[in-house]
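In order, the protein sequence lines correspond to chains H and C. Going left to right, the first sequence walks through residues 1 to 321 as our numbering numbers them. Going left to right, the second sequence walks through residues 322 to 650 as our numbering numbers them.
In short, the hints are calculated from the structure, not lab data. The reader is advised that the hints may include incorrect statements.
[Said to hold, decoys possible] Per the computed footprint, the stretches of chain H lying under chain C, defined by three or more beta-carbons under 8 Å from a beta-carbon of chain C, are: (1) 94-108; (2) 149-161; (3) 252-260.
[Stated by the list, open to error] Each computed DSBU-like pair below joins lysine-lysine, with the alpha-carbon atoms no more than 30 Å apart: (4) H:58 to C:522; (5) C:624 to C:522; (6) H:185 to C:522; (7) H:199 to H:185.
The beta carbon of each residue, even a glycine, is placed where N, CA and C say it ideally should be.
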Amino acid sequence: MSALLSVDFWVLVGIVAGIYWIFTLGLQLEFGYCGLMNFGHVAFMAIAAYTMAILTVKAGLSMWVASVAAIAAAAVAGVMLGLPTVRLRADYFAITTIAFSEIVRYVATNEDSLTGGAQGTINLLGAEQAASYNASWERFRSWLGDALGLGTRDAVMLLVIVVTAILLTTVVWALMRTPWGRAIKAIREDEDAAQSLGKNVFAYRLQVLAMGSALAGIAGLFYAWQFSFFGPVDFAPLVTFFAWLIMILGGLARAWAVPVGALVFGVIFAGTRFFDFPPFSLLDSADRAYFRLIIIGLIILGLVLFRPQGILGKRAEMVLQ
Amino acid sequence: MGQTELVGDRRTRHCATTRLGSLTNAFPSLKQPNFVLTQLIVNGLVTGSVYAIGAVGISLIYGILRLVNFAYGEFMTAGAFLAYVGNVTLGLPIVLATGIGMLLTAGLALSLEPVLWRPLRRKQAGFMSMFLASIALALVIRSVILLVATPRSRSYDVDPYAVYRVGDVRLSQGAAFAIVVAIASITLVGVFLARTSTGRKLRAIADSRVLAAVAGVDVGRLTAVTWVITGCLAGLAGVLAGLVQSTFDPNFGFALLLPLFAAVLLGGLGSVYGALLGGLVLGLVTEVSTWSGFLGGVPPSYKPVIAFIALIVALIARPQGLLGRARTL
């Protein structure tokens, strides 16, 4: 239990929650505001992280240039996925997007020469030498840490992520108060009505997908920087489901509900790791991981059954239906 | 699925090693492409019939209960493991163990109706809530199976070397069992839906739940019937997939779920015959795509990707699926 009192541990929980905050913000834009039922959100996190790592390690680009290209790649991938699918009915769209995210993961697992294969980016240059993409990030982080007098690397990371997340959330919040944002919400409420008012539903949805995917891409970059290397297992469909949980926990169609959901999720996720009292002490750590997933699954079921509008959701505007 | 267990001669052993090793070409040294093609078509029919059973179950649930059931993959895993307990732990013959697995899976599916689905329906939960609830349910069931059974791979107590030959084509015992059982069970479901009074009522509910209730159909009882049938089909699909793949672990049902959804969408959500067709087409497409005569052959590890690409191409051409009704768009 002592780990529960350690500052370092909670900083790490904050980092994970912050990455999920940015990631889920993209989903909030797509589903909460525009009604696009994207169940393959994690694909764009993977595309950005891999693009950044591959361009830095293999093409020798500056990591910062590679990162901008990575976010663009995620946005373009969102549009590419959207072109054939946004016209589909919601249930078809949901299943097609989850299939897309699995395709991305299969390719990342099997194209060893491009992605490093199942071992992940550490094998980007082959099995002989360990590849690393985040030297520039580490330099930036220690420079910022010295400038601000922050002690640990993780504290700097947390600060950067939270500041970025607040900025992005403000942008999304403000966007929803523009005519563009109102058109997006109108499409969610009644596609035909929006169309009859001359709104190009198809184009709006593609724009939303591009922006949501770019947000997922930014989250993917932070994920890659924080953990120094990553592999296909980091982008399992479970990550998308966690984002759905966070969005619904916080409340739909509210940008500022996302951090609340992410924090609650982070505490549940990290907290259940320390169930070291009976009867849980009878389980070993792998079993406790399964147990944690059972608890998370039951929480989602409880929310769907008893509080479909989430913690901060506006019942009048948007309820999970 | 379905080719590495045909061990025996040098040629097939070579297949097994290339599958584990280089992924660039599945069958580089085979000199008889036509023979391979026939074998691949047979393998495709085996895979396709397993897909078809699973897809028909998913489609029935959607058609009658308006639910995209993401926990269906875990129903299949549960069926496979329950049959494993019968077959290996208790030493029962595989046919009997399959029956036990099916019935217990049906019990599991049925028990969730009063606990989860009925309360959700009573709250007028829409498609989204139901979909998300089924995802959460899948997570819970899978984690419970992992907790109880551990992630280890299992295989049934059947002779993996027993092979039937028809001309040059080889069929393992498990695969032959799968194809026979699949044809029998799908025919049964088809006759049940088309000819019996319960089947007609189920189709009436699929058309309109409210109108069927007004016409005096006992919707509650028939919902239970649906869960029993689809639970049995899920359990059966799980056991057959386990037999055809020769090994399975607690995650295998979830891995199968996405190709199954692809099959269901390919045929058109809610159309039972569409699901049947979609399953067979996807099984054939994924297996035949590894044939060296087809663009040099796709690496076997890409089979699921081929399934999704087939799906996306089909949806662009026909957004409501092969046999789906146009109103679905």
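Right, here's what the structure says about each hint:
1. 94-108: The restraint on the region 94-108 of chain H holds, since 10 of its residues have a Cβ under 8 Å from chain C and three suffice.
2. 149-161: violated (count 0)
3. 252-260: violated (count 0)
4. H:58 to C:522: 62 Å, violated
5. C:624 to C:522: 38 Å, violated
6. H:185 to C:522: Cα-Cα ~40 Å, so violated.
7. H:199 to H:185: Between residue 199 of chain H and residue 185 of chain H the Cα gap is close to 12 Å, so the pair holds against 30 Å.
Hint compliance for this structure: hints 2, 3, 4, 5, 6 are broken, all remaining hints hold.
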